[in-house]
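**Q** Work the whole structure out from these sequences, hints included.
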Amino acid sequence: MHEYAFFLGCIAPNRYPGCEAAAIKTSEKVGIKLLPLKGASCCPAPGAFGSIDLNVWYAMAARNVCLAEEMKKDITLICNGCYKSIYEVNHILKHNDDLKDRVNEVLAEIDMEFKGSQDVWHLAELYYDPKICGVQKIRDSVTTPLTGAKVAVHYGCHLMKPQKERHFGDTENPMWLEELVDALGCESVQYRNKMQCCGAGGGVRGYDITHSLDITNEKMINLQEVGADALTEVCPFCQLQFDRGQIEIQETFGVSYGLPILHYNELLGLAQGMSPQDLALDLHGIDCTPFLKKVL
Amino acid sequence: MAVKKYDNPDLEKKLHDTRYHSIDTNPEFTKKVLDISRTIANMCYQCGTCTGSCPSAPRSSYRIRLFMRRAVLGLEDEALTDPDLWLCTTCYSCTDRCPRDIAPTDVIMAMRNLAFKRDIIPRNFLKTAQLIYSTGHGVPNNDVNRAARVKLGLTADPPTTHSYPEFIPGIQKILNYFELKQNADRMLEGE
Ligand code: SF4
Ligand code: SF4
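Residue numbers (the numbering used here), protein chains in the order written: chain A, 1 to 296; chain B, 1 to 191.
In case anyone wonders, no lab produced these hints; they're calculated from the structure.
Hints are not guaranteed to be accurate.
Stated by the list, open to error - Subject to a maximum C-alpha distance of 25 Å in a straight line, what follows is the list of computed DSS-like cross-link-like pairs (lysine-lysine):
| no. | chain 1 | residue 1 | chain 2 | residue 2 |
| --- | --- | --- | --- | --- |
| 1 | A | 131 | A | 29 |
| 2 | A | 164 | B | 32 |
| 3 | B | 31 | A | 100 |
| 4 | B | 31 | B | 14 |
| 5 | B | 173 | A | 38 |
| 6 | A | 94 | B | 173 |
| 7 | A | 100 | A | 38 |
| 8 | A | 38 | B | 151 |
| 9 | A | 38 | B | 181 |
| 10 | B | 173 | A | 100 |
| 11 | A | 293 | B | 151 |
| 12 | A | 29 | B | 151 |
| 13 | A | 33 | B | 151 |
| 14 | A | 150 | A | 137 |
| 15 | B | 173 | A | 115 |
| 16 | A | 194 | A | 294 |
| 17 | A | 33 | A | 137 |
| 18 | A | 100 | B | 117 |
| 19 | B | 151 | A | 25 |
| 20 | A | 94 | B | 151 |
Stated by the list, open to error - Looking from chain A toward chain B, a few residues come up when the C-beta cut is under 7 Å (computed):
| no. | residue |
| --- | --- |
| 21 | 17 |
| 22 | 197 |
| 23 | 276 |
| 24 | 280 |
Please read these numbers as outputs of a predicted model, since none were measured by experiment.
Here a beta-carbon is modelled for each residue, glycine too, at the ideal position from N, C-alpha and C.
**A** Structure, rendered in structure tokens:
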């Protein structure tokens, strides 16, 4: 078993708890054990906090990393926004002693110190990494293949971009998440401008919701064009934007798509035999039944 | 090669002074943006690849290339008072495509930090900060969600500051260090 401190963030545990439950159960089946990271806070939200004062963002994210350092465990998480904060601050502080000293001055006030002893991973990259899990192990864990459905992938922005500060390579047309989707028995589909943002980030969702939804709507049009039965992503904030966003798009622009939105962990959960109830799919804004009927 | 001479002595002087800036220019601003963003905005050659990659550009007057120019020219007021500053989704598409290896996204973030120092900031950002101050979460738990969590076999509250509120004072100390709560309360007073 590979053990990790599980950083939850806000939207998964407090809006889509099925993502949290699914992550804990699905990972266990492929040899990954998620341990609670007690006392963790918001990552904090990179759009809002980064915009206000990057120094607060560094210090708050570093505090979360320190909790995992005390456990002597690497962190894993299931949200791109959290990845931006936790991965990136950990990475920057490890490589910038000046900044690290400044952050540690703040943390000294609460008797904590950032050491830079642990690493941060997105659970999806651990699933893909053959040293930890790998696509084959994911395929072997499937008991209910999700055959008969076309599933499109939304990578989101902050997992892989900016490319220079990450280790994923190509950000124009990556295919590794599609491999993970195909391993579940469904068929991944390509669509126009796959790497476009969901529209929620940078505080734009809160600042100008219509502008934000207009970006989402462009993605929805491109998804509809290829006849996707569902969209999967690896970020509960993107999930919120696509899922609740479709309802808001209906209210704002008068168009509806009814496209089920599932976090990759929820999709994997279904393929490993978890029921829609085990995943709290009823909390989703968009009814997942049409998709479930196709695959179950 | 002959160098053109002007009979206006003021203009001659300006043209020979490489430190000359127009009156709207604040060279300090250029420097501050560089310090905070840690990216080389001055290398921008205005190709427009950033704007061409930007999901916000086709649906607004927001042009990241324009902000890059403002950074280089030190047009502080023009940059910080433009409401378009807040339309960047921080998607980093421009950063991955910039042929000059600049991170325009980080230039925007630096400008937003400088705007905040002048009390220019969307209110919802401040509200998120207040929520984190009181609960540790930007998006806190609620009763519907608690019931759903229990049904899933999870604890009603996640094992974060929600279950361990003894960690909240530490978070408040960090935020107080930067006077964030105080500033948020002042700017949102009466709401
Ligand atoms: S892509 Fe880079 S060089 Fe081109 S205009 Fe934008 S910031 Fe300047
Ligand atoms: S990071 Fe901001 S400026 Fe750059 S492309 Fe995305 S939305 Fe546009």
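**Q** Now tell me if each hint is right for this structure.
**A** Verification of the supplied hints:
Between residue 131(A) and residue 29(A), the direct Cα distance comes to roughly 16 Å. Compliance with the 25 Å bound is thereby established for this hinted pair. Distance check on the hinted pair: residue 164(A) and residue 32(B) sit about 23 Å apart at the alpha-carbon level, within 25 Å; holds. A hinted pair counts as satisfied when its Cα atoms are at most 25 Å apart, and residue 31(B) with residue 100(A) qualifies at roughly 22 Å. Of the supplied pair hints, the one linking residue 31(B) and residue 14(B) holds, its CA atoms being roughly 22 Å apart against a limit of 25 Å.
With a C-alpha separation of about 18 Å, the suggested pairing of residue 173(B) with residue 38(A) holds against the 25 Å cut-off. Pair hint residue 94(A) plus residue 173(B) holds up; C-alpha atoms about 23 Å apart against a cutoff of 25 Å. Distance check on the hinted pair: residue 100(A) and residue 38(A) sit about 23 Å apart at the alpha-carbon level, within 25 Å; holds. For the proposed pair residue 38(A) and residue 151(B), the alpha carbon gap of about 21 Å is at most 25 Å, so the pair holds.
About 24 Å separates the Cα atoms of residue 38(A) and residue 181(B), which keeps this hinted pair within 25 Å; it holds. This hinted pair checks out: residue 173(B) and residue 100(A) have alpha carbons roughly 18 Å apart, not beyond 25 Å. For the suggested pair residue 293(A) and residue 151(B), the alpha carbons sit about 23 Å apart, so the restraint of at most 25 Å is met. The hinted pair formed by residue 29(A) and residue 151(B) meets the criterion: a straight-line CA distance of about 21 Å does not exceed 25 Å.
Restraint check for residue 33(A) and residue 151(B): the C-alpha separation of about 22 Å stays at or below 25 Å, so the hint holds. Distance check on the hinted pair: residue 150(A) and residue 137(A) sit about 22 Å apart at the alpha-carbon level, within 25 Å; holds. Among the hinted pairs, residue 173(B) with residue 115(A) is consistent with the structure: their alpha-carbon atoms are about 20 Å apart, no more than 25 Å. Restraint check for residue 194(A) and residue 294(A): satisfied, since their Cα atoms lie roughly 24 Å apart, inside the 25 Å limit.
Distance check on the hinted pair: residue 33(A) and residue 137(A) sit about 15 Å apart at the alpha-carbon level, within 25 Å; holds. As the CA atoms of residue 100(A) and residue 117(B) are separated by approximately 23 Å, the hinted pair is consistent with the 25 Å bound. A threshold of 25 Å between alpha carbons decides the hint, and for residue 151(B) with residue 25(A) the separation of about 15 Å falls inside it, so the pair holds. With a C-alpha separation of about 41 Å, the suggested pairing of residue 94(A) with residue 151(B) is violated against the 25 Å cut-off.
Because the closest C-beta pair between residue 17(A) and chain B is about 5 Å apart, less than 7 Å, the hint holds. With a least beta-carbon distance of about 4 Å to chain B, the hint placing residue 197(A) at the interface is held under the 7 Å criterion. Here the hint on residue 276(A) is broken, as its CB sits about 12 Å from the closest CB of chain B, past 7 Å. The interface hint given for residue 280(A) holds, since its Cβ lies 5 Å from the closest Cβ of chain B, which is under the 7 Å cut-off.
Going down the numbered hints, you'll see the structure goes against 20 and 23, while the others check out.
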